[in-house]
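**Q** Okay, here's what each chain looks like letter by letter:
2 protein chains.
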Amino acid sequence: MAQTALSALGEFGLIDRLTKAFTIENASTKLGIGDDCAIVSYADKSDIVITTDLLVEGIHFDLMYCPLKHLGYKAVMVNLSDIYAMNAKPKQITVSIAVSAKFSVEALDDLYSGIALACKNHSVDLIGGDTSSSITGMTISITAIGEVKKDKAVKRSGAKPNDLICISGDLGAAYMGLQILEREKHVFTQTGSQSPKLEGYDYVLEKQLKPEARKDIVERLAKYKVLPTAMIDVSDGLSSELLHICKCSNVGCKVYTDKIPVNEDTARVANEFSIDTLTAALSGGEDYELLFTVDIADFHKVSMIPDVRIIGNITQQSEGAQLITAQGEKIALIAQGWNGFTE
Amino acid sequence: MAQTALSALGEFGLIDRLTKAFTIENASTKLGIGDDCAIVSYADKSDIVITTDLLVEGIHFDLMYCPLKHLGYKAVMVNLSDIYAMNAKPKQITVSIAVSAKFSVEALDDLYSGIALACKNHSVDLIGGDTSSSITGMTISITAIGEVKKDKAVKRSGAKPNDLICISGDLGAAYMGLQILEREKHVFTQTGSQSPKLEGYDYVLEKQLKPEARKDIVERLAKYKVLPTAMIDVSDGLSSELLHICKCSNVGCKVYTDKIPVNEDTARVANEFSIDTLTAALSGGEDYELLFTVDIADFHKVSMIPDVRIIGNITQQSEGAQLITAQGEKIALIAQGWNGFTE
Chain A
7 MAQTALSALG
17 EFGLIDRLTK
27 AFTIENASTK
37 LGIGDDCAIV
47 SYADKSDIVI
57 TTDLLVEGIH
67 FDLMYCPLKH
77 LGYKAVMVNL
87 SDIYAMNAKP
97 KQITVSIAVS
107 AKFSVEALDD
117 LYSGIALACK
127 NHSVDLIGGD
137 TSSSITGMTI
147 SITAIGEVKK
157 DKAVKRSGAK
167 PNDLICISGD
177 LGAAYMGLQI
187 LEREKHVFTQ
197 TGSQSPKLEG
207 YDYVLEKQLK
217 PEARKDIVER
227 LAKYKVLPTA
237 MIDVSDGLSS
247 ELLHICKCSN
257 VGCKVYTDKI
267 PVNEDTARVA
277 NEFSIDTLTA
287 ALSGGEDYEL
297 LFTVDIADFH
307 KVSMIPDVRI
317 IGNITQQSEG
327 AQLITAQGEK
337 IALIAQGWNG
347 FTE
Chain B
7 MAQTALSALG
17 EFGLIDRLTK
27 AFTIENASTK
37 LGIGDDCAIV
47 SYADKSDIVI
57 TTDLLVEGIH
67 FDLMYCPLKH
77 LGYKAVMVNL
87 SDIYAMNAKP
97 KQITVSIAVS
107 AKFSVEALDD
117 LYSGIALACK
127 NHSVDLIGGD
137 TSSSITGMTI
147 SITAIGEVKK
157 DKAVKRSGAK
167 PNDLICISGD
177 LGAAYMGLQI
187 LEREKHVFTQ
197 TGSQSPKLEG
207 YDYVLEKQLK
217 PEARKDIVER
227 LAKYKVLPTA
237 MIDVSDGLSS
247 ELLHICKCSN
257 VGCKVYTDKI
267 PVNEDTARVA
277 NEFSIDTLTA
287 ALSGGEDYEL
297 LFTVDIADFH
307 KVSMIPDVRI
317 IGNITQQSEG
327 AQLITAQGEK
337 IALIAQGWNG
347 FTE
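Protein sequences appear in the order of chains A and B. Be aware that the first sequence starts at 7, since it is given in the numbering used here, and climbs by one per residue. Be aware that the second sequence starts at 7, since it is given in the numbering used here, and climbs by one per residue.
For the record, the hints were derived by calculation from the structure and aren't laboratory data. Be aware that one or more of the hints could be misleading.
The list cannot tell twin chains apart, which means a pair is met if one copy fits it or any two copies do.
Unchecked claim - EDC-like mimics (lysine to aspartate or glutamate), calculated; alpha carbons at most 16 Å apart, straight line: (1) Lys155 <-> Asp50; (2) Lys216 <-> Asp68; (3) Lys336 <-> Asp264; (4) Lys126 <-> Asp22; (5) Lys75 <-> Glu218; (6) Lys156 <-> Asp222; (7) Lys265 <-> Asp301; (8) Lys307 <-> Asp208; (9) Lys221 <-> Asp282; (10) Lys221 <-> Glu188; (11) Lys156 <-> Asp50; (12) Lys166 <-> Asp116; (13) Lys36 <-> Glu17.
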């Protein structure tokens, strides 16, 4: 397919082209793209939640194995996941990109088709952004805005002793998907082989390349009338997120290793790579599941919510953050999450 | 001074260090940094305006002559200027940065000291952000959120024939400041001379390195009870912004070249560089002045506002966008603004 240089359109022409397929779906969006600012207006009984994430080529994503449409979808999901983790509904996003001359207009069309699909699936309006050239590679910066009933936002700081610790979905799959992609990239760069072996790895690859923010879990919490006492999304790994809740809430926790949900495909791939399954689940990151705590009085209700599991309970801060193995052994929880500044 | 590697602190340690000096000043900020999202809550009679900008090293700024503290200040101003251009008051910002290993913790301290000063001067709260490493250089992404009385936001689209066209301050200075800095950089790279000649260029250098978003003009518009019919901030040059208002409002304009305000220092530097003063004022960009239109009935009131000048009037769209010279010659207005994608 013919590739068009970015310089052929100019900044305003490019913005027009990339955003023309987006429509405004939410009543709270009074003015979208095309002025100095967007204008939004929420119901009087609402609080507004705001989050922002920066994704840098070579640090957060590798275009060698991440198709641009998937990248656009995932970049939005990373932000929506933070909105859902506040018990809120995402309503608007802004998307800024810096791209070098190696990218064509058609490549950005692909990126924005993923962004558009993410917006459509989650009823979110694209209301602004910025478009720039860069010296090398691509940087994507997204800010998401969400709405929640006044004083119903769920922070990290509300967990209290005896609360139950719950997790949606399963963990470690995205990390194992990344291992597959890294392995096939290595094979390709070493041998020039054009046929990566991706068959049979659908589950872990999808979790890595096309994660889905858990809108459904927030909707189910409302349906089952469960208001979590604390909530966070799992982006850096379960250990790291548990420690955030413990620190922000001044509590400890006990998490039972045999309760931590791991998909059988994840376990199989971990075994193939001689990676401990529990390690993948605790430290893998990028799962975008929701980790939350509920009052013990909500035990029955939370037990009925599909795709949610109870994995432990909150304790006094003095007891620390502990993993309890199937053999009853206690292990102090430490964060092994991703650190972008490691040398 | 000792320089600390970013990797010594880790991401969370770095965020703690960079944000610890910031305090929350606005009642509308319910929760700041430290959770999945910030939480804001505005008065029931408010609309919310949102803008975002991306600044890329080597494209938008050159650290060879832009001190990091000034860069932090300017990066915030660029966004606040968009908020004021909606007739709104800025309340919150998020700041995301991607930096390569060439930057030390102390360098980022400088950047954030400029961001903090900008927040203090404009009563804005830092409520979130993201911090990442990058392969090369620095990228800064800022999103600003502002508040305006419901339905009092001023768009680009409300100008109508016979409205007066007004501009704050003066134009072309930031562009001439950039010429001075580029000249001294060239001298330095060619000769290794350590003493750039910056004396006597204070005005144009300050407009380039430390622009100030025109909070005062928005306050004066309120004080003099003038609600503009359209408004935009001058970031890409007067010509480009006039054409935006004409296009969005479906009108034409007549602007009188001898009415366009240019500081005498700007004119002197333009002369030194053999650059036409009018060209600098029309196409220079980065002035961050406010360009607005008012109903002709507001002529008396707007004439009394300090540091605001009337430079022309809105016409029927069929008349086009025209410059009128002192000799009465008509010249069609064309945008010569900055295009980030020019090859």
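**Q** Checking against the hints above, which ones are violated?
**A** Result: hints 4, 6, 7, 8, 9, 10, 12 and 13 break, sorted rising.
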